[in-house]
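Colleague: Please model the complete structure; the sequences and the hints are all you need to start from.
Sequences listed follow chains V and L, in order. Our numbering numbers the first residue of the first sequence as 637 and each following residue consecutively. Our numbering numbers the first residue of the second sequence as -12 and each following residue consecutively.
Simulated from the structure, these hints should not be mistaken for lab results. One or more hints might be untrue.
[As the list claims (entries may be wrong)] Incomplete in silico selection of chain V near chain L, CB under 7 Å: (1) Leu679; (2) Leu681; (3) Ile734; (4) Ala740; (5) Phe742; (6) Gly743; (7) Gln744.
[Claimed, not checked] Okay, derived cross-link-like pairs now, BS3-like style, lysine-lysine, Cα gap no bigger than 27 Å in a straight line: (8) V:Lys693 with L:Lys36; (9) V:Lys693 with L:Lys93; (10) L:Lys36 with L:Lys93; (11) V:Lys645 with L:Lys93; (12) L:Lys56 with L:Lys93.
[What the hints assert, rightly or not] In silico negatives: residues of chain V with every beta carbon more than 10 Å from chain L: (13) Met677; (14) Asp698; (15) Asn701; (16) Leu711; (17) Tyr731.
We put the beta carbon where it would ideally sit given N, CA and C, even for glycine.
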Amino acid sequence: NAGVTQTPKFRVLKTGQSMTLLCAQDMNHEYMYWYRQDPGMGLRLIHYSVGEGTTAKGEVPDGYNVSRLKKQNFLLGLESAAPSQTSVYFCASSYHRIGMNTEAFFGQGTRLTVV
Amino acid sequence: AQSVTQLDSQVPVFEEAPVELRCNYSSSVSVYLFWYVQYPNQGLQLLLKYLSGSTLVKGINGFEAEFNKSQTSFHLRKPSVHISDTAEYFCAVSVGGSNYKLTFGKGTLLTVNP
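Modeller: Here's what the structure looks like:
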């Protein structure tokens, strides 16, 4: 049981380049999330999805786009990378709304450096 | 909107000493509270969670946390730490009514020294 898998694990981009981060979960979860982690900032929500075909903005959505064409996959895109997007990106998923019987499961992270 | 404050960014302790990592939240409605641990170069792992019921919650690796509604706190404790507990610890909250996401604190780096 793989859980939440992120691809790639590391990437270096030049300013202005584009890339897509892939998150895949095999737990049949409805909700999926993308967070970024920066030193001293904790984790901040970029975008999230409450089901296949849906997406919504989180706290820091600027410069990112997402798609959820399949229930098990949640893609995070950077159209024109900037040095400010250097960060560790975490994907997470949950069966339903986080609460009584639901918790979030996290991937191992993608370390992105934009030079 | 909900927020989480972790009062200490770094906590150094000696091995076998007790430790408390502090977390306060702000919300006027029901909350679900979590502590996650992140070991170096790894993802986040759930340590424990408070959903309802008993205010003392026990988690993995000997950690426990106490929910205090009047003080809006959810402090994490361990009576005796090990070198292997060195990691970053994140407190997170999900609020009833908008519990589609977790809001995280900025993290506390626990360093256990021999």
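Colleague: Look at each hint and say if it fits the structure.
Modeller: Verification of the supplied hints:
1. Given the 7 Å rule on beta carbons, the hint for V:Leu679 holds: about 4 Å separates it from the nearest Cβ of chain L.
2. Contact between V:Leu681 and chain L, as hinted, is supported at the beta carbon level, the nearest pair being about 5 Å apart and thus within 7 Å.
3. The interface hint given for V:Ile734 holds, since its Cβ lies 4 Å from the closest Cβ of chain L, which is under the 7 Å cut-off.
4. Taking 7 Å as the C-beta cut-off, the interface hint given for V:Ala740 holds, the closest approach to chain L being about 6 Å.
5. The interface hint given for V:Phe742 is met, as the beta carbon of that residue sits about 4 Å from the closest beta carbon of chain L, less than 7 Å.
6. The restraint placing V:Gly743 at the interface with chain L holds, with a minimum CB-CB distance near 6 Å, inside the 7 Å limit.
7. Evaluation of the V:Gln744 hint against chain L yields a held restraint, the C-beta minimum of about 4 Å falling below 7 Å.
8. Taking the CA atoms of V:Lys693 and L:Lys36, the gap is near 26 Å; set against the 27 Å cutoff, the hint holds.
9. As the CA atoms of V:Lys693 and L:Lys93 are separated by approximately 21 Å, the hinted pair is consistent with the 27 Å bound.
10. With a CA separation close to 18 Å, the supplied pair L:Lys36 and L:Lys93 stays within the 27 Å bound.
11. Our distance criterion of 27 Å between C-alpha atoms is met by V:Lys645 and L:Lys93, whose separation comes to about 23 Å.
12. The straight-line distance between the Cα atoms of L:Lys56 and L:Lys93 is roughly 21 Å, inside the 27 Å bound, and the hint therefore holds.
13. A Cβ of chain L approaches the Cβ of V:Met677 within 10 Å, the least distance being about 6 Å, so the stated non-interface status is violated.
14. The Cβ of V:Asp698 sits about 17 Å from the closest Cβ of chain L, beyond the 10 Å cut-off, so the non-interface label holds.
15. Annotated as non-interface, V:Asn701 keeps its C-beta farther than 10 Å from every C-beta of chain L; the closest such distance is 18 Å.
16. With a least beta-carbon separation of about 18 Å from chain L, V:Leu711 lies farther than 10 Å from that chain, consistent with its non-interface assignment.
17. Every C-beta of chain L lies more than 10 Å from that of V:Tyr731, the closest at about 12 Å, which supports listing it as non-interface.
When the structure is compared with the earlier hints, a violation turns up for hint 13 alone.
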